[in-house]
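A.B. asks: Just so you know, the protein sequences line up as chains A and B, in that order. Here the first sequence stands for residues 110 to 1119, where the numbers follow this note's numbering. Here the second sequence stands for residues 2 to 156, where the numbers follow this note's numbering.
Since the hints were made in silico from the structure, they are not lab data. Accuracy of the hints is not assured; some may be wrong.
Claimed, not checked - Quick list of simulated restraints, FRET-style, between CB atoms:
#1 A/Q362 x B/R93: 23 to 31 Å
#2 B/N103 x A/K779: 57 to 65 Å
#3 B/T138 x A/D947: 16 to 24 Å
#4 A/S935 x B/T138: 26 to 34 Å
#5 A/D483 x B/G123: 21 to 29 Å
#6 A/E461 x B/T138: 46 to 54 Å
#7 B/E109 x A/D830: 58 to 66 Å
#8 A/G767 x B/G123: 41 to 49 Å
#9 B/T138 x A/D449: 49 to 57 Å
#10 B/P79 x A/K217: 55 to 63 Å
#11 A/E216 x B/P58: 55 to 63 Å
As the list claims (entries may be wrong) - Chain B residues, not near chain A, derived (Cβ > 12 Å throughout):
#12 T47
#13 N57
#14 A96
#15 N103
#16 V105
#17 G106
#18 E108
#19 E109
#20 D110
#21 G122
#22 E134
#23 G140
From the three backbone atoms N, C-alpha and C, an ideal C-beta is built for every residue, glycine too.
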Amino acid sequence: MSQNKIGSVLIVGAGIAGIQAALDLAESGYLVHLVEESSAIGGTMPMLDKTFPTNDCSMCILSPKLVECGRHLNVRTYTNSQVVKTEGEAGNFKVTIKQKARYIDLEKCTGCGACAEACPVKVDDEFNQGLGKRKAAFKQYSQAFPNAYGIDEKNCLYQTRGKAKGKDICLKCVKACQAGAIDHQMEDKEFEVEVGSMILNPGFKIFDASRLDYYGYGKIKSVITSLEFERLLSASGPFDGHLVRPFDQKEPQKIAWIQCVGSRNAKINNNYCSGVCCMYAIKEAVIAKEHSHIPVDTTIFYMDMRTPGKDFEKYYNNAKNNQGVNFIRSRVYEVTEAKDDSGDACIRYSTEDGKICEDQFDLVVLSVGLEPGDSSKELAKMLDLKVNKFGFAELEPLSGVNTSRAGVFAAGAFSGPRDIPETVMQASAAAGAASALLSDERGTLVSEKEYPPELDVVGDVIRTGVFICHCGVNIGGVVDVPSVVEYAKTLPTVAYATDKIYACSQDAQASIKALISEQKLNRIVVSSCSPRTHEPLFQETLKEAGLNAHLFDMANIRDQCSWVHMHEPEKATEKAKDLTKLAIVRASMQQPVQPIFMSMNHTALVIGGGVAGMTSAVSLADQGYEVHLVEKDNALGGVARRFSTGFRGEDMKAFVAGLIDQVSNHPNIKLHVGVGIKDVGGFLGNFTTTLENGEQLAHGVALLTIGGQEYKPKEYLYGQDDRVMTQIEMDEALYNHDPKVDNAKNFVFIQCVGSRSDENPYCSRTCCTKSVKLALKVKKKNPGANVFVLYRDMRTYGYYEEDYEEARRIGIIFVRYSENAKPVVSKEADTLVVTVTDHVLDRPIEIESDVVCLAAAIKAPADGKKLSKWFKIPLNAEGFFLEAHMKLRPVDFSTDGVFMAGIAHSPKNMEEVVAQAKAAAGRAGVALSQDQVESAGLNAFVNKRKCTACGTCEAVCSAKAVTVDMVNRVAVVNDALCKGCGACASSCRCGAISLRGCTNEQIVEMLNSL
Amino acid sequence: MGEIQVETENKKYEPKIAAFLCNWCSYAGADLAGVGRIQYPATIRTIRVPCSGRINPLYVLKAMANGADGVLVSGCHPGDCHYISGNYVARRKFALIKSLLNHVGLEEDRISFSWVSAAEGGRFAEVVKGVTERVSTLGPNNGIFKVVDGGAADE
């Protein structure tokens, strides 16, 4: 490793992974060079309509990150660029970047679109999957960063025909551009950057469905890919979100999805599961029903329904039981064109019992799998990285993010198919790993953002600017946005009101900023989505425009209006008007508030000393922070101590021992083993945790990695016969050469024991793979053994599909049982008999077994409730930790400074636990790297003249922030302690104490305007 | 004074309810209902407050005096308050408000207090449905101060 380290990081690929990693690193003191092949950042997420399992609008949740990344001072974004050469070693790389000419000057382009309007060339729009057209002068999508157009040299008339001959062909764009931004003589350029580390997340490409001709893609017009379907649903798509068939604009009433197109297919060497298609197909079916104004019949043809992620199973059940999506377990033979000239497609398939059926559909959607992109393969080759046989990057075992080269980390689909939360987790983990590598150089290359001096608005006439967001069709499809704008214009203090298609987009921010100065606006109201997600974004824009961030309010007319009153557009519009009015009243009475800065304790507390906790602790310690690691058990290691091998054959005993060794010897880690926690107090930057032994630990952040517990089966004779065991027990028995398993000949594995049930309505994710691994182990050891796996859906997602395939090949027998006819384990004399109804034979079969292995569920930790109270963090219905956002903040709690990783978040395998633990450490590292904690300053304040020093406020304040100064006989607020709850203000008898941002006058005036 | 929607022959009476939601639990729960597209009546007008403990009894009376037909105050579950004990402060005040309302001649069913966590989108929708039903049954709010001689309410 280089001695001469550089405090900057190269990130290749600016999808959600690249953006997340860039923000994490830039926020924690590193300069980021972000290289993107296309003309805008965003990757695949902007193309998606909604995201599972929350049905959040994809663009809406991404947009704040796009804007934040785009305007971050320490992120240098290079679009139309790729890495062409790298030299050096971990800590110090020299990277050559080639940037293709955009022919439009980013500095000058205002994103007005005049060039695109003037451009005469129409070509297929890749962003819309070829379903629509774009010009040769184009912007990928409306919210794109950079908010600038570019010229596609392959299709531009001047570039293709005029330039070489020196003829002024076309050049209409040049004439149209008022800003003089177009420069057709621009040349490609190459330049070098020096970085200490690299993070690679070039994403994926979708499987080319025309490779499988029996699906008819490319031949039958009504057969489309799932990504094309996303564009059909999207408000910014080719049909403005109207669900129609692309070729005849007919509204489809009967739609089918075919799963595993290009996945789980050994014939084309794609025998891996893409992991995301089951969920996106269900989502598309549900959204299609929701979207269309006519009833839509939706059917999903599948082999196994794989919904193993957090809250996925509930989503599946809801689609099946409440939304009326049909699920047909089947094999699809072929798709043919309907003979009745309707343009429809016919699917011929066989059901599980071998019956051959055919059905006709208006539209057939192929759920295409994920493959490594061409540029991913090139990148891996250039950097000489190990790749697997499918062409995805091969990660170091149980590292989560390490490629085969030191200092080079991977995130997202570069190393295999992944959904968005996993991608985001890996991105934060990679950022944490890069930060650990370069911690000595933190802060050496970054600069600090400077805002224009704050305008003094006190005493000025109030001029409120109101922006009402359509949010594509999310709001505009229900609420009559123009009428809300007109209404806002009639309200007192409103000087300006307008609507925005997406108020959170980069160009909307620029326009709000411009309007603040043009219209001399000194209060801003945005009616859009939730302030919980978007307030910081708009406040940043206010600051950039020289306004105090608190001269602002939001009305939530999406999450709390259009989305919940979808069938009552008139009432929703009335409500949107009222909510906007309330926001205007509050904002107009708002005064500037200055933030309060408090000290930051740069120590972390990690609670739970299993693999997740130890991995987080090591990562944080490597980043240069002191860590307290608390484990209530008498030994470190958690449940992993009981595992023999990992899912890729790793020696778990050695792995856990290695981690224990690392945490025990790391100079930055202090261990507290065998002691629990008694109490926790404080907040980001200044927590105090009291251990049961009385010791007090001061820390700035906390990571909760308390694991989970194995379900104790009540069924299948567990606990009554020791030949019935759980997976962990069987793993131990095999490891210890227990004669019970060593001498056994007949093995039966029963899946979903305590999972996917009424009691635990989630999938425990790891058990299918674990059973397959154990089954393979016993079958390989004793090829004569009879091994049965009784399952509901085999959920061997990702590369574990190969194990499932191997298991079937070597003679392990898989028997599916249905939820309503569970297997029965009984004892006849001393023989264990498992009875199960086979779906193919449609009759019960009896298996005499020597060992019955139960795939017992993974349950939430018992201590979750305690931590929930101490840290003020929410749990979901099953007792697992509830993250701040399921897609984009998978390791953060909504409480600042508290993070999570491991099983306590949801069931996952060891590799995933490690990645998440590193992600939590990465996110915690971002918080710890700050010199001080900034709080908004929305605190209590006292009007001395009214105060009678009665002491009610002091009595009611749980933060002990208010005291009565008995000399001056007045209450005094300690700003560092005040949390801004307002209990004092609501209790004060003489109205002397109030709360900034939420004064009595504001609320009363809001009520007056009801 | 704000306007009151009064039951007419064609239009079903639709109450207007002022809803004070605490930022950390109930407001987040309401967002979650939205994300889950759980439908509920469009009767509430939300005022986001940091904590249910911020609610001054005066606000409830103000809301009633200004034409709201009902008030909903929703905070974190007992023990879950982001500010440790704000929701208990709110609960104490709430008990007082109820008796005060009775005293001034308003039906106590017009005001409701509930706990909704950030994970309970479905529960939030149920709470709004329940409140809407209770207030609808009572009909329009005729204002706090009743005229004693049997005349119309002082709206």
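A.B. asks: So which of the earlier hints does this model not fit?
C.D. replies: 1, 3, 4, 5, 12, 13, 21
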